[in-house]
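K.L.:
Dock chain B against chain A, hints included.
Which chain is which? The protein sequence lines are A and B, in order.
Counting from 1, position 58 in the first sequence corresponds to residue 39 in the working numbering; the numbering is continuous, with no gaps.
Counting from 1, position 154 in the second sequence corresponds to residue 135 in the working numbering; the numbering is continuous, with no gaps.
Don't read these hints as lab results, they were simulated from the structure.
Predicted, not measured: the structure shown is a model, and the values here were computed from it.
Take these hints with a grain of salt, some might be off.
No distinction is drawn between identical chains; accordingly, a pair holds when it is met within one copy or between any pair of copies.
[As the list claims (entries may be wrong)] Lysine to any residue pairs mimicking SDA-like chemistry, simulated, CA-CA at most 20 angstroms apart:
{"id": "1", "residue 1": "K77", "residue 2": "E123"}
{"id": "2", "residue 1": "K25", "residue 2": "R350"}
{"id": "3", "residue 1": "K25", "residue 2": "A(-7)"}
{"id": "4", "residue 1": "K25", "residue 2": "P346"}
{"id": "5", "residue 1": "K77", "residue 2": "P346"}
{"id": "6", "residue 1": "K77", "residue 2": "E349"}
{"id": "7", "residue 1": "K77", "residue 2": "E334"}
{"id": "8", "residue 1": "K25", "residue 2": "G15"}
{"id": "9", "residue 1": "K77", "residue 2": "A(-3)"}
{"id": "10", "residue 1": "K77", "residue 2": "P143"}
{"id": "11", "residue 1": "K77", "residue 2": "G15"}
{"id": "12", "residue 1": "K25", "residue 2": "D345"}
{"id": "13", "residue 1": "K25", "residue 2": "V122"}
{"id": "14", "residue 1": "K25", "residue 2": "R139"}
{"id": "15", "residue 1": "K25", "residue 2": "A354"}
{"id": "16", "residue 1": "K77", "residue 2": "P26"}
{"id": "17", "residue 1": "K77", "residue 2": "D345"}
{"id": "18", "residue 1": "K25", "residue 2": "E349"}
{"id": "19", "residue 1": "K77", "residue 2": "R343"}
{"id": "20", "residue 1": "K25", "residue 2": "R343"}
{"id": "21", "residue 1": "K25", "residue 2": "R196"}
{"id": "22", "residue 1": "K77", "residue 2": "T19"}
{"id": "23", "residue 1": "K77", "residue 2": "D301"}
{"id": "24", "residue 1": "K25", "residue 2": "R351"}
There are 2 protein chains.
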Amino acid sequence: MSSTSLSFASRAEHRAWLETQSALPEGFRAGTAGFEFTPAEADKPGRMRLALLALDRPTDAFAARFTRNAFPGAPVIVGRERLAAPRLGAVIVNNKISNVAAPGGVEAAERVCAEVARRLGMEPREVLPSSTGVIGWRLPVERMLEAVPAAVASLQARSVLPAAEAIMTTDLYPKVRRAQAGEAAVVGIAKGAGMIEPNLATMLVYLLTDADLPRETLREALAAAVDGSFNLISVDTDTSTSDTVALLSSRRRPAAEGAFRAALLQVCRDLAEDVVRNGEGVHHVVRVRVGGAPDQAAARAVGKAVVNSPLVKCAVAGNDPNVGRLVAAVGKLCGERGLAPDPARVRMAMGGEVLLEGGAMRLDPARERRLVAHLAGAELYRSAPDAAGNFRPPVDFPPHERRVEIEVELGLGAAGAEVLGADLTHEYVTENADYRS
Amino acid sequence: MSSTSLSFASRAEHRAWLETQSALPEGFRAGTAGFEFTPAEADKPGRMRLALLALDRPTDAFAARFTRNAFPGAPVIVGRERLAAPRLGAVIVNNKISNVAAPGGVEAAERVCAEVARRLGMEPREVLPSSTGVIGWRLPVERMLEAVPAAVASLQARSVLPAAEAIMTTDLYPKVRRAQAGEAAVVGIAKGAGMIEPNLATMLVYLLTDADLPRETLREALAAAVDGSFNLISVDTDTSTSDTVALLSSRRRPAAEGAFRAALLQVCRDLAEDVVRNGEGVHHVVRVRVGGAPDQAAARAVGKAVVNSPLVKCAVAGNDPNVGRLVAAVGKLCGERGLAPDPARVRMAMGGEVLLEGGAMRLDPARERRLVAHLAGAELYRSAPDAAGNFRPPVDFPPHERRVEIEVELGLGAAGAEVLGADLTHEYVTENADYRS
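In isolation and in its complexed conformation, chain A is listed as follows (with noise of 0.2 angstroms):
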């Protein structure tokens, strides 16, 4: 989905570049506090991170988009009531626990947002709450408000991306991504690594920006740039309790609105893209581009089918091309579906070479060969189980920006799709095998 294509080399070297997409819009300031705390429902102590993000003073101008999730969070409950508010001037992120399905959770939700409005002289309604981490444990609320007047404290007007920092969970690295439109500046910081298939996925998104462009007009550019970004991806199917994406105006510059929904959709693909490349365990990306069908709907369905099949995700990982399954997984779909593409009339193709065409597919060793080698160089890195036998990711920050690419032509209709996904791995299942312990 980016234009760009980055490489780098050290996580300092990724750093670097962060700090050139980390400068904060004007009207906004990021601050940040963290604590030792042992959950009521388990007996080993944590550390909880809180990011705040604040205006200078509370905006008009502000959307969010929230999880489709039938149970969601109590955060997810608090800022569906918070979009008819008249204004919003900060939102306050912890990780560890997501306060979703436990007792009290809105309660506390509404505790946190009230002592940090307090502390910045708003008003409670003018907070968004947002929790990612563990379902059902409650937060540790009383510690929360202890830290909230470091986070306070800690405010400055430089840069997100300590907040970018504070909001990760599994993930290996910060994400960060700015896009300008005329003078204004739009700046997103994402988290999200496993329990994503945004719809949204735990996916937190906060974008924030100076464009003084009215409330409704940020309302249907996020709901268009969501759309043609975070709902085109999937790391593991599950759609998260509390996936949220935020954005906030400060108003302080003008902004065409086409450069800004332009800049808006730049950036919240290329947080897509982010959140997919550091998925839990990820070794590939894979982008599949779907043409030929009936209409969008299917066409993103297919290309869901391609990114979510299990024995697709696995032979991507091992550089196998078996590719077989990659029929297996459009046909599947169909005949769910009902669409019935003549197999004379799909095509299909891997890294530009092509599998399918005229009903059959056309399999040699030296294409084999050609196949291995495109996907080994997508490749992020290579397995390799520590003494215990466990895997973990030997990297911290995005090698490079290659992806696998897959090509589907079901030859039914005129509508296409670009989904992004990713392989399974040992290291998926090494992270999610024992993911609180």
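P.N.:
Structure of chain B alone, referenced to chain A:
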């Protein structure tokens, strides 16, 4: 699904039990053959096995169900034609290559059928072909034709077990189940370990009976039995291009229709659970009982959403009662389908422990320890990587038939369903990241 609960301490013990299941019904014989070959599309040699199931004389009483994948393999295309034939006399099955999307696939399948028919004194259309294995490669037809005489020469009327072994691919052990319907027997064999979400999945199942019932009765009974068994399981969501369930009767013994239907359903349910338990990398079989759904389709969809959630699957693999992921998976499916359960009426439990009730989760360290014990008690084996970091299952028999038991009560209606699935493990990734090499 099985009413029995078996356990086995060794492969020999499991094998002895399989023998008790394997006596062929009257009027059937089974044979096998094998040979080395090198596929045209690759440069590594492999071994292909043929399994031959033959009736003493062709029967008018047969039925079959095939995959709904939109790109079915050549054997499925041929098999659908066979359903209209007056009689069926034999089934010829090969492993290693699935004959899907391969140039000249239908002609290749027909050539093999014709040779089997010639050797058995039948018509070509009285032979049903089946194939399982790599997609897109061509069958080694000449080598298969040379092997047919050996398969015919090996036909014997004693045991179906050699055929159950010959159809295996990544299966760890053969699957045979039987039930009686009065004097008549129903004996089934199955292969299938990955690409399993039958709808149908590459699952091949052959059901042999001597019950004297007509074709239409068999077809209705098979449709009902498949819907109540194989369509309620998932290993990895991937619906194969080759799924086939075939039922043949020699009509040698009297049988009441009701008793036959019950026996057929029991054999199908037992085989379905066997397929899940022997699924690629499976450490835990998971049974989800859904109640309070508005209709059965919704109940099944909720059950499938739970067993197909990668995060739930990884949590189960790690004996980690990360039950928030269960809430997220159910909520995701409900959100997608527009189901709006009242959180206060939703109830979820695992291993008999209530987890969610009255709108909040009930978690504490003592409950967590009981959940861990339930998960550990249902574990088939522990993971341990070999020196190269590869994970291979240490057993080639099913140590027990215990399951992780999950209950979901939606409070929306009166419909329910039981779905079987499995966890997601390092062994699945090892198996599928390098299946062909």
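K.L.:
So, for every hint listed, does it hold in this structure?
P.N.:
Going down the list of hints, with the structure as the test:
1. K77 - E123: within (15 angstroms within a copy, 62 angstroms between copies)
2. K25 - R350: Answer is between: at 13 angstroms across copies they meet the 20 angstroms cutoff, but 49 angstroms inside does not.
3. K25 - A(-7): neither (32 angstroms within a copy, 44 angstroms between copies)
4. K25 - P346: between (53 angstroms within a copy, 10 angstroms between copies)
5. K77 - P346: Result: close only across copies, 17 angstroms inter versus 49 angstroms intra.
6. K77 - E349: between (44 angstroms within a copy, 18 angstroms between copies)
7. K77 - E334: neither (44 angstroms within a copy, 25 angstroms between copies)
8. K25 - G15: Classified as within; 17 angstroms inside a copy, 56 angstroms across copies.
9. K77 - A(-3): Result: close neither inside a copy nor across copies, 27 angstroms intra and 51 angstroms inter.
10. K77 - P143: within (17 angstroms within a copy, 54 angstroms between copies)
11. K77 - G15: Answer is within; shortest intra-copy Cα gap is 11 angstroms, inter-copy 56 angstroms.
12. K25 - D345: Only across copies: K25 and D345 sit 12 angstroms apart there, 54 angstroms inside one copy, limit 20 angstroms.
13. K25 - V122: Answer is within: at 18 angstroms inside a copy they meet the 20 angstroms cutoff, but 62 angstroms across does not.
14. K25 - R139: Close neither inside one copy (36 angstroms) nor across copies (60 angstroms); limit 20 angstroms.
15. K25 - A354: Classified as between; 19 angstroms across copies, 45 angstroms inside a copy.
16. K77 - P26: within (11 angstroms within a copy, 51 angstroms between copies)
17. K77 - D345: between (49 angstroms within a copy, 17 angstroms between copies)
18. K25 - E349: Between copies only: 13 angstroms across, 49 angstroms inside.
19. K77 - R343: Between copies only: 18 angstroms across chains, 49 angstroms inside a chain, cut-off 20 angstroms.
20. K25 - R343: between (55 angstroms within a copy, 18 angstroms between copies)
21. K25 - R196: neither (44 angstroms within a copy, 63 angstroms between copies)
22. K77 - T19: Result: close within a single copy only, 11 angstroms intra versus 53 angstroms inter.
23. K77 - D301: Classified as between; 17 angstroms across copies, 36 angstroms inside a copy.
24. K25 - R351: between (49 angstroms within a copy, 17 angstroms between copies)
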